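J.: One line per chain: the protein sequences are W and E, in this order.
Everything in the first sequence is counted per this note's numbering, starting at 1 for the first residue and increasing by one.
Everything in the second sequence is counted per this note's numbering, starting at 1 for the first residue and increasing by one.
Bear in mind the hints are in silico, worked out from the structure with no lab data behind them.
Computed from a predicted model, the values in this text were never measured in an experiment.
Among these hints, one or two may not hold up.
20 Å max Cα-Cα, derived EDC-like pairs, lysine to aspartate or glutamate [unchecked claim]:
#	chain 1	residue 1	chain 2	residue 2
1	W	165	W	227
2	W	165	E	142
3	W	165	E	97
4	W	165	E	36
5	W	165	E	95
6	W	165	E	83
With beta-carbon atoms standing in for the labels, derived distance ranges [to be verified]:
#	chain 1	residue 1	chain 2	residue 2	range
7	W	181	E	197	19 to 29 Å
8	E	118	W	341	49 to 59 Å
9	W	90	E	181	53 to 63 Å
Derived, one-sided and incomplete: chain W residues facing chain E with beta-carbon distance under 10 Å [unchecked claim]:
#	residue
10	34
11	38
12	40
13	43
14	109
15	111
16	113
17	164
18	169
19	179
20	180
21	227
22	228
Note that beta-carbon positions come from the ideal geometry of N, C-alpha and C, so glycine has one too.
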Amino acid sequence: MFPDFLTDIYSDYTIRNITLGAMVLGLVSGSLGTFAVLRRQSLLGDSISHAVLPGIILAFMLTGSRDPLILILGAAIVGWLATLSIMAIVNTTRIKQDASLALVLSVFFGFGMVLMTFVQRQPDAAAAGLQRFLFGQAAAIIWDDVRTMLLIGGAAMAVFLLFWKEFKLVVFDRAFAFSLGMPVRRFDVLLTTLLVIAIVIGLQTVGVILMSAMVVAPAAAARQWTDRLGLVTTLAGLFGALAGVTGALISAYAARMPTGPTIVLCLTAIVLFSLVLAPNRGILWAWVRQHRQSRELRSRVVLADLYWLSQQHAGDDSGHSIATLEAMSAGRVAVDHGLEDLEQAGLAERTDEETWTITERGREQAIRDLAEEEREGSDV
Amino acid sequence: MTTMTSAALESQPAIAVRDLTVAYNDRPVIWDLDLDVPAGVLMAIVGPNGAGKTTLIKAMLDLVRPAAGQVEILGQPYRKSRDRVGYVPQRGSVDWDFPTNVLDVVQMGRYGALGWIRRPGNRERELALEALDKVSMGEFADRQISQLSGGQQQRVFLARALVQNADVYLMDEPFQGVDATTERAIITLLKELRSEGKTVVCVHHDLQTVPDYFDWVALLNIRKIASGPVSEVYNETNLRLTYGGRVAFLSRDAAAPATAQAAVEED
Chain W
1 MFPDFLTDIY SDYTIRNITL GAMVLGLVSG SLGTFAVLRR QSLLGDSISH
51 AVLPGIILAF MLTGSRDPLI LILGAAIVGW LATLSIMAIV NTTRIKQDAS
101 LALVLSVFFG FGMVLMTFVQ RQPDAAAAGL QRFLFGQAAA IIWDDVRTML
151 LIGGAAMAVF LLFWKEFKLV VFDRAFAFSL GMPVRRFDVL LTTLLVIAIV
201 IGLQTVGVIL MSAMVVAPAA AARQWTDRLG LVTTLAGLFG ALAGVTGALI
251 SAYAARMPTG PTIVLCLTAI VLFSLVLAPN RGILWAWVRQ HRQSRELRSR
301 VVLADLYWLS QQHAGDDSGH SIATLEAMSA GRVAVDHGLE DLEQAGLAER
351 TDEETWTITE RGREQAIRDL AEEEREGSDV
Chain E
1 MTTMTSAALE SQPAIAVRDL TVAYNDRPVI WDLDLDVPAG VLMAIVGPNG
51 AGKTTLIKAM LDLVRPAAGQ VEILGQPYRK SRDRVGYVPQ RGSVDWDFPT
101 NVLDVVQMGR YGALGWIRRP GNRERELALE ALDKVSMGEF ADRQISQLSG
151 GQQQRVFLAR ALVQNADVYL MDEPFQGVDA TTERAIITLL KELRSEGKTV
201 VCVHHDLQTV PDYFDWVALL NIRKIASGPV SEVYNETNLR LTYGGRVAFL
251 SRDAAAPATA QAAVEED
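Kindly produce the complete structure, drawing on both the sequences and the hints.
T.: Written out as structure tokens, the structure reads:
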């Protein structure tokens with residue numbers, strides 16, 4: 001099957017369009033999404049993606065055309081209108097940001113659904129395909145769609161890269177950007193426009209309901225792997241493209257698989273993988289680190305006790321019983337395991353079945369530990 | 001100290017605030033404030049919480065729109081003089097988990113001079129490293145900003161202001177939450193800036209250190225209570241006017257102005 005599938009990408013017109021389209025969309029929305037996430041506008045992305053539905057339908061009703069460029073334009077205009085509504089509600093009323101996001105999302109989306117139902121009742125065959133804007137349909141991607149995505153996505157990426165330094169400063173330190181005389185508000189508008197583009201570019205492939213995942217999830221996953229902004233952005237684009245292509249191809253091959261949800265499932269796999277396994281930030285690494293630290297601490301406590309005992313009983317080499325050591329640490333640490341770790345490190349040795357003594361190296365180590373504790377203590 | 005003070009008074013003020021009123025939601029935070037900051041002084045702005053200290057700095061930088069009045073820096077409105085002004089915002093005003101490193105943040109101080117689109121190059125890198133050395137953070141250039149302590153974050157912000165190579169520096173609580181070592185390093189640096197003839201204005205909270213650190217002070221509580229040389233205006237009467245008649249406060253801090261007088265007389 002696999003070789004078939006590879007030849008398909010080159011030879012089969014449909015598959016090539018699907019792959020290319022999903023790749024462009026994943027790359028653009030993933031990398032542009034990084035700044036939305038860093039600006040804490042993930043939920044704004046979700047609101048916008050739902051709110052553009054009436055824009056698509058209205059554009060179709062007004063022009064009667066299903067040209068992707070026209071539908072995307074309609075979506076972008078309404079997406080902007082939704083953003084302005086959210087800002088207006090927050091600025092002029094006592095309604096807070098979260099409530100206004102939810103309000104705009106539901107009102108716009110509801111209106112879109114009403115329009116869609118209305119249009120589909122009309123005896124017009126052209127309206128039949130509009131349903132796919134809900135959950136997306138990769139199989140329907142044609143070369144026109146790919147070209148539109150390339151055009152809009154390419155323009156957005158060019159602006160993004162051109163003003164990279166300015167965007168970075170505005171997002172990281174707004175007040176400082178203002179103090180340098182940067183037109184911060186214009187950059188806000190520009191960044192929000194890029195967010196709208198990141199969303200509308202994938203509407204017919206992923207659909208309005210799940211499109212925000214394409215914007216937010218790749219950035220969230222990429223952030224796990226690196227602390228460098230350029231790398232976070234690149235990685236987010238690659239994750240987006242990977243999930244986009246995989247999901248689109250699966251849904252195109254398997255019968256009756258909706259594209260949007262399939263792509264989102266692929267993204268979820270990437271996010272989970274990153275959350276658990278990424279070095280430093282990953283859950284697994286945090287767990288390993290914590291385990292190692294508690295083990296080190298245990299060894300230190302036992303060694304200190306052993307040292308204290310050896311000072312108290314100078315000249316007595318018969319060793320000290322585990323029971324004594326357990327009593328000293330009051331059951332807070334597993335003394336026997338700690339002793340085994342110390343033995344491996346050559347800091348303590350067994351003198352009998354149940355008794356242990358500190359080695360010369362252990363003695364030196366304990367003295368160093370105590371000195372260090374004293375230094376740290378005096379700092380506070 | 002006295003000679004420098006009188007010289008400062010004669011020349012044109014570095015910052016001139018006239019009739020400044022700033023309001024948030026119809027509540028005045030700064031009321032009809034006049035303030036001259038002479039060139040070449042190291043000035044503290046002190047006052048209780050909500051006295052408008054940060055707002056005053058922001059108004060000087062055109063970050064908030066005043067309801068009335070104006071500010072001139074080096075004889076010009078801010079938008080004309082901003083190339084000669086350096087700014088250190090409050091450390092807590094940014095997200096330190098932002099994915100970038102120390103060198104990158106310091107280079108941001110050059111963005112104004114760089115202009116549009118152009119990226120920082122070798123020159124910016126050298127200037128940034130030099131500034132980092134000045135705040136003893138040279139070895140942290142490649143460090144992620146999320147891994148810095150509070151004092152180190154503050155020094156990174158200072159280094160960023162240094163590469164702006166300004167004549168007037170406005171700093172919002174540069175000593176807030178830093179360790180003793182950093183505090184000493186910062187004050188040494190600020191005094192160095194002053195000796196180079198630069199004007200430094202800091203929002204400051206620790207009333208005890210005002211006489212040791214600063215030579216000029218403005219006492220603020222929505223209105224200006226007093227401003228001038230520390231030796232002349234930093235006294236119990238003005239502090240009482242600024243902070244209100246809170247007895248607990250006065251009994252603890254009344255000693256500070258007294259030592260201030262003593263320190264100045266010794267000079």
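J.: Each hint should be assessed against the structure and marked as holding or not.
T.: Here's how the hints hold up against the structure:
1. Taken as a hint, the residue 165 of chain W and residue 227 of chain W pair is honoured in the structure, with Cα atoms around 17 Å apart against an allowance of 20 Å.
2. Annotation: proposed proximity of residue 165 of chain W to residue 142 of chain E holds, straight-line Cα distance about 18 Å (limit 20 Å).
3. Restraint check for residue 165 of chain W and residue 97 of chain E: the C-alpha separation of about 18 Å stays at or below 20 Å, so the hint holds.
4. A hinted pair counts as satisfied when its Cα atoms are at most 20 Å apart, and residue 165 of chain W with residue 36 of chain E does not qualify at roughly 36 Å.
5. Our distance criterion of 20 Å between C-alpha atoms is met by residue 165 of chain W and residue 95 of chain E, whose separation comes to about 17 Å.
6. Taking the CA atoms of residue 165 of chain W and residue 83 of chain E, the gap is about 18 Å. The hint holds against a cut of 20 Å.
7. A hinted range of 19 to 29 Å for the beta carbons of residue 181 of chain W and residue 197 of chain E is consistent with their spacing of about 24 Å.
8. At about 56 Å, the beta-carbon gap between residue 118 of chain E and residue 341 of chain W stays in the expected band of 49 to 59 Å.
9. Take residue 90 of chain W and residue 181 of chain E: their Cβ atoms lie about 43 Å apart, and the range 53 to 63 Å is violated.
10. About 9 Å separates the beta-carbon of residue 34 of chain W from the nearest beta-carbon of chain E, less than 10 Å, and the hint is met.
11. About 7 Å separates the beta-carbon of residue 38 of chain W from the nearest beta-carbon of chain E, less than 10 Å, and the hint is met.
12. A hinted interface residue such as residue 40 of chain W counts as satisfied when its beta carbon comes closer than 10 Å to some beta carbon of chain E; here the least separation is about 9 Å, so the hint holds.
13. Below 10 Å, beta-carbon pairs count as interface contacts, and residue 43 of chain W has none with chain E, the closest being about 17 Å; its hint is therefore violated.
14. Because the smallest distance between the Cβ of residue 109 of chain W and any Cβ of chain E comes to about 31 Å, over 10 Å, the interface hint for this residue is violated.
15. Taking 10 Å as the C-beta cut-off, the interface hint given for residue 111 of chain W is violated, the closest approach to chain E being about 33 Å.
16. Of the supplied interface hints, the one on residue 113 of chain W is violated, with its beta-carbon coming no nearer than about 37 Å to a beta-carbon of chain E, more than 10 Å.
17. Given the 10 Å rule on beta carbons, the hint for residue 164 of chain W holds: about 8 Å separates it from the nearest Cβ of chain E.
18. Satisfaction of the interface hint for residue 169 of chain W is found here, the shortest Cβ-Cβ separation to chain E being roughly 5 Å, below the 10 Å cut-off.
19. Taking 10 Å as the C-beta contact cut-off toward chain E, the hint placing residue 179 of chain W at the interface holds, the least distance being around 4 Å.
20. About 4 Å separates the beta-carbon of residue 180 of chain W from the nearest beta-carbon of chain E, less than 10 Å, and the hint is met.
21. Nearest Cβ of chain E to the Cβ of residue 227 of chain W: about 4 Å, under the 10 Å cut. The hint holds.
22. For residue 228 of chain W, the interface hint holds, since its Cβ comes within 10 Å of a Cβ in chain E; the closest pair sits about 6 Å apart.
Hint check: violations occur at hints 4, 9, 13, 14, 15 and 16; the rest are consistent with the structure.
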